[in-house]
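2 protein chains.
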Amino acid sequence: MERVYNFSAGPSVLPVSVLEKVQKDLVSFGNAGMSVMEMSHRSKEFEEIIQKCEALLREILEIPTNYKVLFLQGGASTQFSMVPLNLLKHFQTAAFINTGSWSKKAISEAKKYGDVKIIASSEDKNYSYIPKLEDLYIDPSIDYLHITSNNTIEGTKFSSFPTTKAPLVADFSSNILSEPIDVSKFGLIYAGAQKNIGPAGLTIVIIRDDLIGHANTLCPTMLDYKTHVGASSLYNTPPTFSIYVSMLVLEWIKEQGGLKQIHENNLLKAKLLYDFIDQSPLFSSPVEIESRSLMNIPFSTSSEEINKQFLVEALANGFVNLEGHRSVGGMRASIYNAMPVEGIEKLVQFMSQFEKNIVEVIES
Amino acid sequence: MERVYNFSAGPSVLPVSVLEKVQKDLVSFGNAGMSVMEMSHRSKEFEEIIQKCEALLREILEIPTNYKVLFLQGGASTQFSMVPLNLLKHFQTAAFINTGSWSKKAISEAKKYGDVKIIASSEDKNYSYIPKLEDLYIDPSIDYLHITSNNTIEGTKFSSFPTTKAPLVADFSSNILSEPIDVSKFGLIYAGAQKNIGPAGLTIVIIRDDLIGHANTLCPTMLDYKTHVGASSLYNTPPTFSIYVSMLVLEWIKEQGGLKQIHENNLLKAKLLYDFIDQSPLFSSPVEIESRSLMNIPFSTSSEEINKQFLVEALANGFVNLEGHRSVGGMRASIYNAMPVEGIEKLVQFMSQFEKNIVEVIES
Ligand SMILES: Cc1ncc(COP(=O)(O)O)c(C=O)c1O
Ligand SMILES: Cc1ncc(COP(=O)(O)O)c(C=O)c1O
Ligand SMILES: [Mg+2]
Ligand SMILES: [Mg+2]
Ligand SMILES: [Mg+2]
Ligand SMILES: [Mg+2]
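Going line by line, the protein sequences match chains A and B. Sequential numbering from 833 applies to the first sequence in this note's numbering. Sequential numbering from 833 applies to the second sequence in this note's numbering.
Derived from the structure by calculation, the hints contain no laboratory data. Each hint should be verified, as a subset may be incorrect.
Because identical chains share one entry, a pair is satisfied inside a single copy or across any pair of copies.
Cross-link-like lysine-lysine pairs, in silico, DSS-like; alpha carbons within 25 Å at most [claimed, not checked]:
hint : residue 1 : residue 2
1    : Lys876    : Lys1140
2    : Lys876    : Lys944
3    : Lys856    : Lys949
4    : Lys1188   : Lys1103
5    : Lys944    : Lys921
6    : Lys1086   : Lys1017
7    : Lys943    : Lys997
8    : Lys1092   : Lys1058
9    : Lys1017   : Lys856
10   : Lys1188   : Lys1178
With the rest of the complex left out, here is chain A (with noise of 0.2 Å):
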């Protein structure tokens, strides 16, 4: 079976030459005499992984010495709630930027905790933008300011970042690693393992070493940032093959030349997604120009009908997993680091022979 283009949103697309090494090394690891996923976590072995795992991404994303990096489970999701039960410390309060379903998330799960503000939001025009930064007030009595730096569903991103005197905590789990970022600007930095880093079932948290440590006294055991960072992530037994493919993936990262590199890449890729749309009479992206993602991108014609063929024949044609996400509809094309650019000129070539048809149909 040939591989076909695949446009998930997470998990997602991963470089072929990381899993043609997996399979490689998949019986039998090195020098080992087991598969990596038999490893006692507390072998020789394994901890060469892990650390490597965690020297690269150091590496990669310049994270200063003041930042622990913690590998864990439980997903973006579990991050909703151990955010607040760790960071509502003085205040017990914490503001949000509503930038989509993903914040909404994080914000109901916060409410449980602690009191809640959101110091801005992008609904009234259905999240397809961004707010603006200059016109924030960030009161000063909070705990923390939470922003979801890549709206997944949505395809918005924050192309700057707000300048507060709390921490910022950003929710990175769909555009981590696509673009250099300034670790010390953020207080704690989160994301899913499933889009730019790795399998599901691995959560990575950057966090800045004055925030660990004052959980609340009810916080469970395994939501307290302090119980892994004591324990350099071995606290219990972590998902050890997710960490052993994201190292790779991280190598991987590496090799292309880092985020300098790759967020060239990304940019080529995503322009030339939306130059096609943009000058497309049939296809429309609902996401304003400044405030586009560049790891998810929605699109959609005016017509459900068309959508719907467009979907079918693209799924045909080796395009899968266009579907919009059910909220919004429409089609949207994830496109992670590990998307190669041929997979979007390929897309692009496909969406035009569409458009073509389409329009011979309506005027014959």
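Got chain A sorted already, so can you dock chain B with the ligands onto it with the hints?
Relative to the frame of chain A, chain B with the ligands by itself:
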């Protein structure tokens, strides 16, 4: 590299035939044109995998229809909080039988959320036995009774289970699927996958319907069983690849003849090792005969020095991860389902030869 005999307590040995299947389909699974790691958890292909995994587990364990099966993240350690957060609903009291390190961790977590009664303990003799169930008085004012069915570190297991009015909750992490059990005797069963089920990063919960939907109002959404029941374990992104490998392990168990045959193999394997240890002048087992685990077999010589020498020579001969847990010392052979009989036979041969050499040295 030849494969070694891996006696790790977890993550641990997997069937080679399963690893070979995983390897074969790693880059492109069936007709999907992508790796299982790259599949959307909402795709038809992955839904088939998770449904098949559940169906196999239900068939193999004969799970009654009034129980739900959940595929979660967070490890058994997260269950230590999740159980009290969900089950302490009437009396705010849980009873525990304390049989070792893992029981103690479950106990200390439950204390955060309610009262805890230790109704039996084997702490007096270093957890070398399972308390007699006939002597047990079970207070009716408890929300549940928690046991650790197999004590991974101390090498003991329950051979029968207490009869209770309150739901019986069991941490089956280290002996699930090692023998048939009557699920209807339990209110809730949980197990980390990384011993008898599959790769780390997946936790299986089997929960009776009446125990769902009573979570504490401060329970994080992700720690509420109801969240995952309502979404058939697809509320958020599950550990997809671990679920896939677990499905293959369950197929393998079925091919072996199911739990009856698996249990016979396990009895045979354990007997080989215990019989050798019991007749050996050098090695001995710290565990009372009636309480002995089929999965984790601690043993020791009377000398720290000789233990060390044994571990070094064992490693050099391809028997790995035989160190006892740091809290116990000595040696421990974890011989889960996937450890072949031949692995035990060779280990016993090696121990026997080691013993002869030691005796010769002492006598010369
Ligand atoms: C921005 C964002 N946050 C959170 C999540 C939830 O992640 P998980 O499924 O790992 O809980 C997602 C998943 O797609 C996401 O895109
Ligand atoms: C009986 C038992 N309970 C709980 C655990 C903890 O499991 P996890 O590491 O998945 O949190 C273990 C791990 O070995 C165990 O053996
Ligand atoms: Mg979103
Ligand atoms: Mg257009
Ligand atoms: Mg134990
Ligand atoms: Mg003996």
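Which numbered hints fail: 2, 3, 8, 9
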